[in-house]
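J.: Spelled out, the chains give:
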Amino acid sequence: MILARAVQASRRYGDVLALDRVDVEVRAGELVGLLGPNGAGKSTLMNLFVGLRRPTSGRVELFDGDPRDPASRRQIGVTPQETGLPGTLRVGEVVDFVSAHYPAPIPRDELLDRFGLADQARRQTGGLSGGQRRRLAVALAFVGRPRLVLLDEPTTGLDVEARHTLWEAIRAFHADGGTVLLSSHYLEEVEALANRVVVIGHGRVLADDTVDAIRAVVGVRRVSLVADDLPALPGVVRAERVDGRTHLLTTDADQLVRDLVTAGVSFSGLEVRPTSLEEAFLAITAEQQEPSGTAGGDGTRTGRPGGSPVAPRPAGADGTPTTAATGGRPTTA
Amino acid sequence: MQLALVHTRYQLLEIIRIPVAVVGSAFFPAAAMLFFVVPFAGKDPVGATYATAAMVTFSVMSSNIFQYGIGVAEDRDQPWNPYTRTLPAGPAPRFAGRVLAGLVLTYLSLIPVVVIGATLTAAEISLAAFLLAAATVAVVAVPFTLMGLAIGYSLPSKAAIVVAQVVFFPLAFGGGLLSAPDEAPGFIEVIAPYLPTRGAVELMWAAVGDYPVRPLSLVMLVVWVVVLAALAGWAYRRDEGRRFS
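Sequence lines, in order, name chains C and W.
With the first letter of the first sequence counted as 1, position 321 gets the number 321 in our numbering; the numbers rise by one all the way through.
With the first letter of the second sequence counted as 1, position 68 gets the number 68 in our numbering; the numbers rise by one all the way through.
It is worth saying that the hints were derived from the structure and are not from the lab.
Treat the hints with caution; some may be incorrect.
Unchecked claim - Coverage of chain W stretches by chain C, computed from C-beta distances (three or more under 8 Å per stretch; other residues unrestricted):
1) 6 to 19
2) 50 to 64
3) 73 to 80
Quick reminder that beta carbons are idealized off the backbone N, C-alpha and C, glycines included.
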């Protein structure tokens, strides 16, 4: 059963295309991570799903209804930005206020206990620490016993311990049969929680696969060196030459270096660096979209490694990804 | 309906936790009572009653323009506001809650004026007239609520504060709230019937005494309500369209 669905959903803010023909489905029982750099369009997609915004074109559905219809939102839980809690209200009052909107909410004390806030019930939210506020914000998503919880960057700015407490709560909800859509720009967080990952970049779905498959692609490293002539090397995802340096993207940097050495090539200035998520995915999509072209000069080009588990979507037909500069929050934080 | 009351309760809680906000809206009318009404019209029962009614109108106007104009504009700045829109309820309960909370605060802000009128002046009123006046307050609050909403939904909070302050003083003077009935300076007598404050204060005077309401003031009050309702509705929809489309 599909709980939330975007079909060719686009969202434009003035001249900026924040989401470009996105197709995503969230099925019952899944824990889906929405991964991408800041400004990729994650928040915009979340806002479409919770009914805060309407797609410019395409369709978004929540429990087979329009997210903008309050009835469609009865079974979802959403988390406010932590800075958005009304500072003069007490913790317990904020919980009671949100509870009043649902037919069978979780009792206040039980909820606060689960999120380690039982001792704070009588404190005003303005007096809480950042971590406590964040926990309260996430707790609010669970008050109404939702079937689907949408968490937009739930742990941004949290220390390690607070992050793990939240992870536990999210896992427990999922173990009870709950469905979660969680956005993050931390690969670590998505790896720890999700069983499916949707990678978003420049407003597009770049990949939609299992965590393992995504990790294989995201684990791409950049090996750069100065060399006159390189033989064909196995495992190179992409190669280009910029300002006399050759950059090789590979999923296995160790093996590539061994191959370089055993091939007896003379090279200098060897560097191995991790690539960013965005870099890794854009490299791969760029290759798909212009199979014979070169992005940066006269680089040697080898094919993609055989049997890569990820099948990235082709980028736009015009070949130039449109940059999404805004995250699509309705208000400034 | 129950949700509307929930929203009312939390709106009030948020405001009452900052008592200065409540005191603020009651201060100016109370001070005006002490400085202008008590020394000048305090001895004459009819004059003092009319003057107290005018101050009540003044208080209704200022508390509504300020709490909606500034309150709504500030709420729009808060991320909490969009969060409440993800809860499974339409905009109606929150809106109804806001208006109900506003009415409660309006009545609260009237207490000092009424107490000063009753104890320090010769103003007198029958119980029936008092109840009629109390009901009239709710009617008189309508145009100023709409004016506040129009300001709050169309302007950012910093601009809303300025506009609310700029608007409310000319309305009070121009409508003749600070003069006895029909004894205001000539030019005010000319413009007053065209301001919403005049129709409002005439209704209050009619409730507490036997003041004959002028048809022109009443018609203009209705015109103001229609225009302000249209303006508030337009500002609300424009805001929704811009931020949530």
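J.: A separate judgement is required for each hint: does it hold in the structure or not?
T.: Hint check:
1. 6 to 19: holds (count 6)
2. 50 to 64: With 0 residues in contact (Cβ-Cβ under 8 Å with chain C), the coverage given for the stretch 50 to 64 of chain W is violated.
3. 73 to 80: Answer holds; 5 residues pass the 8 Å Cβ test.
Violated hint: 2 only; the structure is consistent with all others.
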